[in-house]
Amino acid sequence: MKFLCVECDRQMTFEERQLPGDGTLAAAFRCPKCGRVVAMLTNPMETQLVSSLGVKIGGTTVPAEPLETIRSMVATGRDDAFTEDGERKTGNAPAWSAEAQDRLTRVPGFVRGMVKKIYADYAKQRGIGEITPAVMDAARTELGLEGM
Amino acid sequence: MPLHIRTYHELTEPDRSGLGDQIAAQRRRLADRLAVVGRVLVVMSGKGGVGKSFVTANLARALARDGRVVGVLDADLNGPTVARLLDATDARLVPQDDGVLPATGADGVRLVSMAQLLADGQPLAFKGPEAESFVWRGAAEAGALRELLADIAWGTLDVLLLDLPPGMQRFLELCDLLPAPPTVLTVTIPTPESRDAVRRAMRAAVERGSPLVGIVENMVGGEFRGTAGDDLAVEFATPVLARIPWHPTPDTWHLLATRL
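From first to last, the protein sequence lines stand for chains A and B. Just so we're on the same page, the working numbering is the position in the first sequence counted from 1, plus 26. Just so we're on the same page, the working numbering is the position in the second sequence counted from 1, plus 101.
Please keep in mind that the hints were generated in silico from the structure rather than gathered at the bench. Some hints here could point you the wrong way.
[As the list claims (entries may be wrong)] The calculated lysine-lysine pairs, modelled on DSS-like cross-linking and capped at a C-alpha distance of 30 Å, are:
hint : chain 1 : residue 1 : chain 2 : residue 2
1    : B       : K228      : A       : K28
2    : A       : K59       : A       : K28
3    : A       : K59       : B       : K228
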């Protein structure tokens with residue numbers, strides 16, 4: 027989908043995405059000429075349909091994790107489906123604060139490894155030495171990680 | 102006076118979302134993954150209960166015993182059975198940088214199945230709004246199928262067998278995902294009821310441009326009587342590769358493997 031500022035006859039550019047947490051999505055688009063902003067609001071069904079396609083409105087700043095759609099969308103996954111043995115070992119990995127580790131334990135085991143890696147990559151790319159709940163919140167907002 | 106509104110395709114400015122590009126990247130990833138797979142072979146039937154998974158698993162083992170490197174993707178997301186048939190129900194998947202390593206089953210067959218991902222006894226259920234889930238559930242299953250093809254580090258394979266559920270939906274999804282229509286191995290039982298259902302599936306496969314490699318007639322010599330295998334072979338000009346008795350031996354599967 028695209029948005030057109032009819033008055034200016036200019037294609038509007040993506041500005042910001044928000045996930046309120048109730049299954050809906052808001053995406054803002056701005057006219058590059060007149061500056062007018064419109065927001066596209068999707069209901070939970072529409073949001074889910076887009077997620078099911080494995081794409082992200084507004085694009086993504088991190089590459090998709092293997093089986094990301096399955097791991098993030100399947101509600102009946104087994105906790106031990108994936109072994110930790112094969113998780114990527116990286117040098118200079120950021121530290122995890124106790125509070126962040128505690129929050130991570132509340133993520134279902136089915137997706138925990140993937141979620142942990144997403145946060146670690148986010149921190150590493152930004153030179154963040156320690157992952158805290160605040161960092162996790164910032165990553166969720168910036169990357170659109172609803173439910174993680 | 103009507104507004105002058107340019108059409109979608111007339112808007113060509115850069116688009117940060119790039120949904121089309123994201124979809125294209127998904128397709129490239131899948132094509133790259135399958136570039137080192139010698140042959141993708143879809144095992145399908147328009148009829149349920151004819152033994153597709155049984156044939157798939159035993160064919161895979163026979164090919165592996167003959168020295169081929171074989172992978173099996175259990176594309177029956179809602180009724181997965183291949184993991185059990187290949188003695189890999191307890192096998193776990195190992196995430197790595199560029200994908201998830203498949204499990205290794207009997208005779209060294211590489212496999213992935215939703216049975217390895219779902220909690221014991223649980224159906225495949227997705228997070229999301231329950232109301233009108235029919236709108237997005239099909240897309241979610243197609244997305245899962247795409248990931249099982251593209252995100253599993255299959256490695257170099259001689260053959261990748263795809264065990265499809267009954268019906269045509271999964272086959273059509275595959276045709277949309279794969280770079281080219283997949284070769285089809287058809288499974289039927291001898292009865293006219295099976296023949297009629299399988300005929301529709303074979304017709305759909307032909308119409309999508311899939312080559313038909315042949316027919317396996319399963320459960321031969323018992324209560325199920327008829328000539329479905331021969332009838333379909335004549336109609337679609339494709340051979341009956343094997344007639345599988347109720348109690349097949351390893352030689353039965355070896356013979357089938359040599360005919361592919």
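Against the structure, the hints come out as follows:
Our distance criterion of 30 Å between C-alpha atoms is met by B:K228 and A:K28, whose separation comes to about 27 Å. For the hint linking A:K59 to A:K28, the alpha-carbon distance of about 16 Å falls within 30 Å, and the restraint holds. Distance hint between A:K59 and B:K228 is unfulfilled; the C-alpha atoms sit about 40 Å from each other, more than 30 Å.
When each numbered hint is compared with the structure, a violation occurs for hint 3 only.
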